[in-house]
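Residue numbers (my numbering), protein chains in the order written: chain G, 263 to 536; chain H, 263 to 536.
Note that these hints are calculated values from the structure, not bench results.
Take the hints with a grain of salt, since some may be wrong.
[Claimed, not checked] A short, non-exhaustive set of chain H residues, derived as facing chain G with CB atoms under 10 Å:
hint, residue
1, M317
2, H319
3, S495
[Claimed, not checked] Residues of chain G clear of chain H, computed beta-carbon distances all greater than 12 Å:
hint, residue
4, Q384
5, A408
6, D419
7, E478
These numbers were taken from a predicted model, which means no experiment stands behind them.
Glycine included, every Cβ here is placed at the ideal spot set by N, Cα and C.
There are 2 protein chains.
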Amino acid sequence: RPSTSPVRPSCHKPTTVAARVAQNLSYWDSIHSDIESRLKKAIPIREPISVFEPMHHLTFAPPKTTASALCVAACELVGGNREDAIVAASAIHLMHAAIYTHDHLMLTDRLRSDQETEPKIQHRFGPNIELLTGDGIFPFAFELLAGSMDPAVDNSDKILRVIIEITRAVGTEGMVDGQDSDVEFDQLSCQPLRRLHGCGAACGAILGGGGEEEVERLKRYGVYAGKIQGLLSDMGRHEGGKVKLAEKWRALALKELEYFDSKKIEQISTIVTM
Amino acid sequence: RPSTSPVRPSCHKPTTVAARVAQNLSYWDSIHSDIESRLKKAIPIREPISVFEPMHHLTFAPPKTTASALCVAACELVGGNREDAIVAASAIHLMHAAIYTHDHLMLTDRLRSDQETEPKIQHRFGPNIELLTGDGIFPFAFELLAGSMDPAVDNSDKILRVIIEITRAVGTEGMVDGQDSDVEFDQLSCQPLRRLHGCGAACGAILGGGGEEEVERLKRYGVYAGKIQGLLSDMGRHEGGKVKLAEKWRALALKELEYFDSKKIEQISTIVTM
Chain G
263 RPSTSPVRPS CHKPTTVAAR VAQNLSYWDS IHSDIESRLK KAIPIREPIS VFEPMHHLTF
323 APPKTTASAL CVAACELVGG NREDAIVAAS AIHLMHAAIY THDHLMLTDR LRSDQETEPK
383 IQHRFGPNIE LLTGDGIFPF AFELLAGSMD PAVDNSDKIL RVIIEITRAV GTEGMVDGQD
443 SDVEFDQLSC QPLRRLHGCG AACGAILGGG GEEEVERLKR YGVYAGKIQG LLSDMGRHEG
503 GKVKLAEKWR ALALKELEYF DSKKIEQIST IVTM
Chain H
263 RPSTSPVRPS CHKPTTVAAR VAQNLSYWDS IHSDIESRLK KAIPIREPIS VFEPMHHLTF
323 APPKTTASAL CVAACELVGG NREDAIVAAS AIHLMHAAIY THDHLMLTDR LRSDQETEPK
383 IQHRFGPNIE LLTGDGIFPF AFELLAGSMD PAVDNSDKIL RVIIEITRAV GTEGMVDGQD
443 SDVEFDQLSC QPLRRLHGCG AACGAILGGG GEEEVERLKR YGVYAGKIQG LLSDMGRHEG
503 GKVKLAEKWR ALALKELEYF DSKKIEQIST IVTM
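Chain G with its partners taken away, still in its complex shape (with noise of 0.2 Å):
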């Protein structure tokens, strides 16, 4: 990334970007590791190991998406519990995760596009555990949500909604939004990456009891948050071009905020400006 420094509004003195960076800091922290924590319990490493012991490392072997975070912020925003939003940002992890197992699945006839210029990735299992447990992963993701209905607080059509905004992430739209017009994005199987961020702002607003407005524009500010990571994380082409892109879509996803309450908004802006 072109710089570790926050860039914020500069009417901030540093001495406040500096607490609020380290505050900011340990609310990320604390959403990822209540999401681990989560995950642990739900996939520990059981009999038969030959089943658990890859599932439970390629859900946790890849790199923490902020996707799933985005999830938990975006659900306490418009007022919700964590708790409400735990299971489904764990479910969005275990998207992430699939989808990386697959992406780096050693295939038969030539290195995916996408694999060329990464650096070599550590397979600790062969591609047919990785492609099987890939795919086992996917529908555990939603066993999860689907288990997570709790008829005391009536809340199955929040988790449907939510199904159908993950489903289309990963599914079909996914793919088909690969042609983003707004940059050289051609890389067909990063794109649902990219768009588990909207996702997860999405569904974190739906089950933290949001209303139609405030999912939707959590839901543009998560994409512009993807796009902004996707962006960065893809380093070495057309650096000065990337950079007054991702400064285009960070005050976009600045803008989306600016209908929420001032004063709550500070959490989550930092993932777009840190």
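Please arrange chain H on chain G, whose structure you already have, making use of the hints.
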């Protein structure tokens, strides 16, 4: 298969059997035809062709599975309408198609064990497209299901139960239960396909408004039907033992149906007796 003639209790006269077989063939054919036309509507070949042509092709390329047909038959047996089960049956077919596609994917290191003895599959698309399309078909199935939520009939809880059934059948539970104690079913990758039969029958019973006992019995019936199909399609090993085993499972399957009105089970029972 060892025999194409129906094996039924001897109390039926040949003419009755012939008449019923003709009628039943058209019963299953009509179900398959309804599922196919629903899927063709759901997955038209549209732009972008690079996404939807492989998806369409790989959805219809695999051999038909009786698991999806069982879903409709079980729904009708417990008194539901075909329309109640057709989306779930389509989703089950999509699971079958995605699993089939990934089962026949060519991976780098070696042929997968289940491919070594199989006839070669014609691959119209490269492994990269097959992998991504399979990954797109899985979530699309859940999107279809979640999208069949209808506040007018308040079916959200039923749909979530169906999603749980399907995710369990194709997810870790299906992989874990690969160790079938009854026979040398050690091919991990084929197990979800067999489990889909029990799942299909259970989903149909749930959506048709069946009671818990009906759901459980039809699930067990479906599991036996899937095991029989798996056994008989896996030709060439231990022929004599297999026929005997199939007969044992057939008897156990039909025992589950004794719980239901004997006049209503004629059609569904042919799936294990033909």
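Do the hints match the structure? See the list:
Residue-level restraint check for H:M317 holds (minimum Cβ-Cβ distance to chain G is 7 Å; threshold 10 Å). Hint on H:H319 is violated. Least Cβ distance to chain G is approximately 14 Å, over the 10 Å limit. A distance limit of 10 Å between C-beta atoms decides the matter here; for H:S495 the minimum to chain G is near 20 Å, and the interface restraint is violated. With 12 Å as the threshold on Cβ separation, the claim that G:Q384 sits away from chain H holds: the shortest Cβ distance comes to roughly 15 Å.
Remark: the non-interface label on G:A408 conflicts with the geometry, its nearest Cβ contact in chain H lying 4 Å away (cut-off 12 Å). Against chain H, the non-interface label of G:D419 is violated: not every CB pair exceeds 12 Å, the least being about 5 Å. For G:E478, the shortest C-beta to C-beta distance to chain H comes to about 19 Å, beyond the 12 Å cut-off, and the non-interface label holds.
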